[in-house]
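Peer 1: Residue numbers (this note's numbering), protein chains in the order written: chain F, 32 to 260; chain V, 47 to 266; chain P, 858 to 1140.
Among these hints, one or two may not hold up.
[Unchecked claim] Straight-line C-alpha distance at most 30 Å; calculated DSS-like pairs for lysine-lysine:
1. P/K886 with P/K991
2. P/K926 with P/K1032
3. P/K1032 with P/K1008
4. P/K1102 with F/K44
5. F/K44 with P/K1031
6. P/K1108 with P/K1130
7. P/K1031 with P/K1010
8. P/K1032 with P/K995
9. P/K1016 with F/K44
10. P/K1102 with P/K1074
11. P/K1130 with P/K1074
12. P/K1003 with P/K1014
13. F/K44 with P/K958
14. P/K1032 with F/K44
15. P/K1074 with P/K926
16. P/K1031 with P/K886
17. P/K886 with P/K1105
18. F/K44 with P/K1014
What the hints contain is simulated information worked out from the structure, not anything from laboratory work.
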Amino acid sequence: MIDPGFFLEIIPKLLAGLPLTLELAGTSVLLGFGLALVLALAQQGERTYAVLPIRIFVAIFRGTPLLVQIFLIYYGLGQFRPALQSVGLWWLFREPYWCAIIALTLNTGAYGSEILRGAIRNVPRGLSEAALALGLNRFRTMRLVVLPLALRQALPAYSNEIILMVKGTSLASIITLTEVTGIAQELISQTYRAIEVFIAAGAIYLILNFLIVRGLTLLEARLTPYRQR
Amino acid sequence: MLLEAAGVTLLLSVLGFFLGAVFGGLAAAGRLYSSKVPRGLASVYGTVFRGVPDLLSIYLFYYGGSIALTSIARLFGSQGFVGLPTLATGILTIGFISGAYQSEVYRGAYLAIDKGQFDAAKALALTRLQTLRLVIVPQLLRHAIPGLGNVWQLVLKDSALISVIGLVELMRQAQIGAGSTREPFLFYCAAAALYFAIAGLTDLVFNRAEANASRGIAHR
Amino acid sequence: MTFRRLAAVAATFMTLLSAPLAGAADAPKEIKIATEGAYAPWNFTNAEGKLDGLEIELANDLCARMKIKCTIVAQNWDGLIPSLTVGKFDVIMASMFITPKRLETIDFTQPYAVDPSGFAVAKNSDLGKLGISKEKFKLEDEAASKAAIEKLKPLLKGKVVGVQSGTTNLDFLKKYFADTVEIREYKTTEQHDLDLAAGRVDALFAQQTALAATLAKPEFADYTIAGPGFVGGVFGLGTGAGLRKEDKALKDMFNKAIDAAIADGTIKRISEKWVHTDVTPVK
Chain F
32 MIDPGFFLEI IPKLLAGLPL TLELAGTSVL LGFGLALVLA LAQQGERTYA
82 VLPIRIFVAI FRGTPLLVQI FLIYYGLGQF RPALQSVGLW WLFREPYWCA
132 IIALTLNTGA YGSEILRGAI RNVPRGLSEA ALALGLNRFR TMRLVVLPLA
182 LRQALPAYSN EIILMVKGTS LASIITLTEV TGIAQELISQ TYRAIEVFIA
232 AGAIYLILNF LIVRGLTLLE ARLTPYRQR
Chain V
47 MLLEAAGVTL LLSVLGFFLG AVFGGLAAAG RLYSSKVPRG LASVYGTVFR
97 GVPDLLSIYL FYYGGSIALT SIARLFGSQG FVGLPTLATG ILTIGFISGA
147 YQSEVYRGAY LAIDKGQFDA AKALALTRLQ TLRLVIVPQL LRHAIPGLGN
197 VWQLVLKDSA LISVIGLVEL MRQAQIGAGS TREPFLFYCA AAALYFAIAG
247 LTDLVFNRAE ANASRGIAHR
Chain P
858 MTFRRLAAVA ATFMTLLSAP LAGAADAPKE IKIATEGAYA PWNFTNAEGK
908 LDGLEIELAN DLCARMKIKC TIVAQNWDGL IPSLTVGKFD VIMASMFITP
958 KRLETIDFTQ PYAVDPSGFA VAKNSDLGKL GISKEKFKLE DEAASKAAIE
1008 KLKPLLKGKV VGVQSGTTNL DFLKKYFADT VEIREYKTTE QHDLDLAAGR
1058 VDALFAQQTA LAATLAKPEF ADYTIAGPGF VGGVFGLGTG AGLRKEDKAL
1108 KDMFNKAIDA AIADGTIKRI SEKWVHTDVT PVK
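So here's chain F without its partners, still in its complex pose:
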């Protein structure tokens, strides 16, 4: 039943979906990081009207499945076309591509903001007190002292989040996008050989994630030279 020739035949076809997978993961990780940073920093202040809505947003996106979020944004909001058209946003929600990006970005933004918030909180207080004592204002203390340390500390947890996002892009196949998983399903409906196709697709994700983990470990090692033994 397992036939090596068949693997050689389907792997190039599956790889054709890789650019879209990478594009979805890359765009949403980058946009999501920006969102996470903004949300984490906004929570540094004590103002409830800023903090409370963010806490609610984060809780909702962390407390519900990504699949539900994608369906809600794609099919759910599709129901409100006239309203979206009147505010000029329909072009965005019309395309499955942008719906996937929006869902993935909001999701990773919510998780990422918690990672960054924790990392900022874990920067020893003495450091920011020292910076303030040196006459730096709060903004510069954050930018020059706290954030660089926090980002470095957050890297291992954030690399887990990036892996989750790469895996999450497979859900985009459900809203008509033909990334690697989408192509896998197409191949199955043509060949009816589900197991081989899924093993090949799984291997592609595994190698991709392995490379990402390697890359991030190298980056981490570079950023923490003092830990090298």
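Fit chains V and P to the given chain F structure using the hints.
Peer 2: What follows is chains V and P alone, placed relative to chain F:
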């Protein structure tokens, strides 16, 4: 209707989570073992299930599981096909995926136990089993609970993916409702709210457990 | 983890998978029939969460004729054929057309229905103004069907057409309209219906009976089936029940039961009840 389906989701997640505890415990033990073979197997297991999209693992189990079962049954002389009910496939898949994550949690928790505890147990002349039962496991659980809480949240959300293999749980029921009433927004919002409620309530359970397990520990 | 060990693990897994799957026993007493459960009115999940529709009623009728116990289960469309071959169930009745490509992997009974496929569009679109046509084209009749397709092409130029993936409807669009329209593939027809309502697609391509059921809903008042229907060719020989190649006895039982259901008018009666037209295959 959605509530009933939420019950299926809860059943699927809880059983999958406990099955995952078994797989995760075995894999963690394997990784801490001194011999190379169990260590290698356990680490391949962890890497594969954490590196492959859960959606693919689910599909693979769904199709691959019954072929493997049928082949095994053949070895024992059975005729015909062996199929697993969808719910069982779902629980098994969730068990395998969450086991991979749980093994990391258990391993970390084990390594976090102070080495002095082992020495102390030895000094008290406890047997290996006694050491494990009275000294190690209670501390292991204390260290593991926060991590297990995270894995539980992951399991609950992964259970939504089981809808793709046709099990009528919360997500599938919401899809059916959205399809037949053409009110997708309403149904997906309701589903999201139910997931959110389950996640919130179970989070309280884990917090209680954490507080319970760390009685007598000084808080920093 | 060395590569060799990884390879050993992989090899064990592969051996497990490659164990031969031989034929099941003949003349079963009890079978499992799978349907999609998302293709109204042929087969769908009703508001109570139960499977319902033309094929559910027909399946129960055929099982009563064969005097066997049947359990009907739902399975997503993509998974129907792979799950049949691995033995998750014994028969597919999911409005599946008998095509040469599918016959390479599985076997089919004789057709129990023949039903043309066509487009659904907004009434005020170029194609929509054409309105419903009762014409049916057999793709084997190349000259006539080609002329009909060429007439449709300019009316659909650049439109986005939603179609269910893994279907003969998709094969048809890919073969005849790939250079004209943008094809968007959906897992279920329920999903492309939602996207037609949302305006993300301009047209749908599916079996006309299924489209008619969709368009009967109030939110599709401004939409219509337009242009002719197509049968034969990529659509194969009509809708049949799929079975594993080795289940010869079961196939004979089904063929006899279908013969009887055609002869006594049962299929005509059931199809008029569900799809308001007679889809009985003409021998």
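Peer 1: With reference to the structure, classify each hint as holding or not holding.
Peer 2: Hints, one by one, checked against the model:
Distance restraint check for P/K886 and P/K991: the Cα-Cα separation of roughly 43 Å exceeds the 30 Å cut-off, and the hinted pair is therefore not satisfied. As the CA atoms of P/K926 and P/K1032 are separated by approximately 41 Å, the hinted pair breaks the 30 Å bound. For the proposed pair P/K1032 and P/K1008, the alpha carbon gap of about 16 Å is at most 30 Å, so the pair holds. Between P/K1102 and F/K44 the CA atoms are separated by roughly 29 Å; this keeps the pair inside 30 Å, and the hint holds.
With a C-alpha separation of about 17 Å, the suggested pair F/K44 and P/K1031 falls inside the 30 Å cut-off, and the hint holds. Straight-line distance between C-alpha atoms of P/K1108 and P/K1130 comes to about 27 Å, which keeps the hinted pair within the 30 Å bound. The straight-line distance between the Cα atoms of P/K1031 and P/K1010 is roughly 13 Å, inside the 30 Å bound, and the hint therefore holds. Between P/K1032 and P/K995 the CA atoms are separated by roughly 15 Å; this keeps the pair inside 30 Å, and the hint holds.
A hinted pair counts as satisfied when its Cα atoms are at most 30 Å apart, and P/K1016 with F/K44 qualifies at roughly 26 Å. The straight-line distance between the Cα atoms of P/K1102 and P/K1074 is roughly 40 Å, outside the 30 Å bound, and the hint therefore fails. Between the alpha carbons of P/K1130 and P/K1074 the distance comes to roughly 17 Å, so the proposed pair stays at or under 30 Å and holds. Taken as a hint, the P/K1003 and P/K1014 pair is honoured in the structure, with Cα atoms around 16 Å apart against an allowance of 30 Å.
Between F/K44 and P/K958 the CA atoms are separated by roughly 20 Å; this keeps the pair inside 30 Å, and the hint holds. As the CA atoms of P/K1032 and F/K44 are separated by approximately 19 Å, the hinted pair is consistent with the 30 Å bound. This hinted pair does not check out: P/K1074 and P/K926 have alpha carbons roughly 35 Å apart, beyond 30 Å. For the hint pairing P/K1031 with P/K886, the CA-to-CA distance comes to about 42 Å; that exceeds 30 Å, so the pair is violated.
Using a Cα cut-off of 30 Å, the hinted pair P/K886 and P/K1105 holds, with the two alpha carbons roughly 14 Å apart. This hinted pair checks out: F/K44 and P/K1014 have alpha carbons roughly 28 Å apart, not beyond 30 Å.
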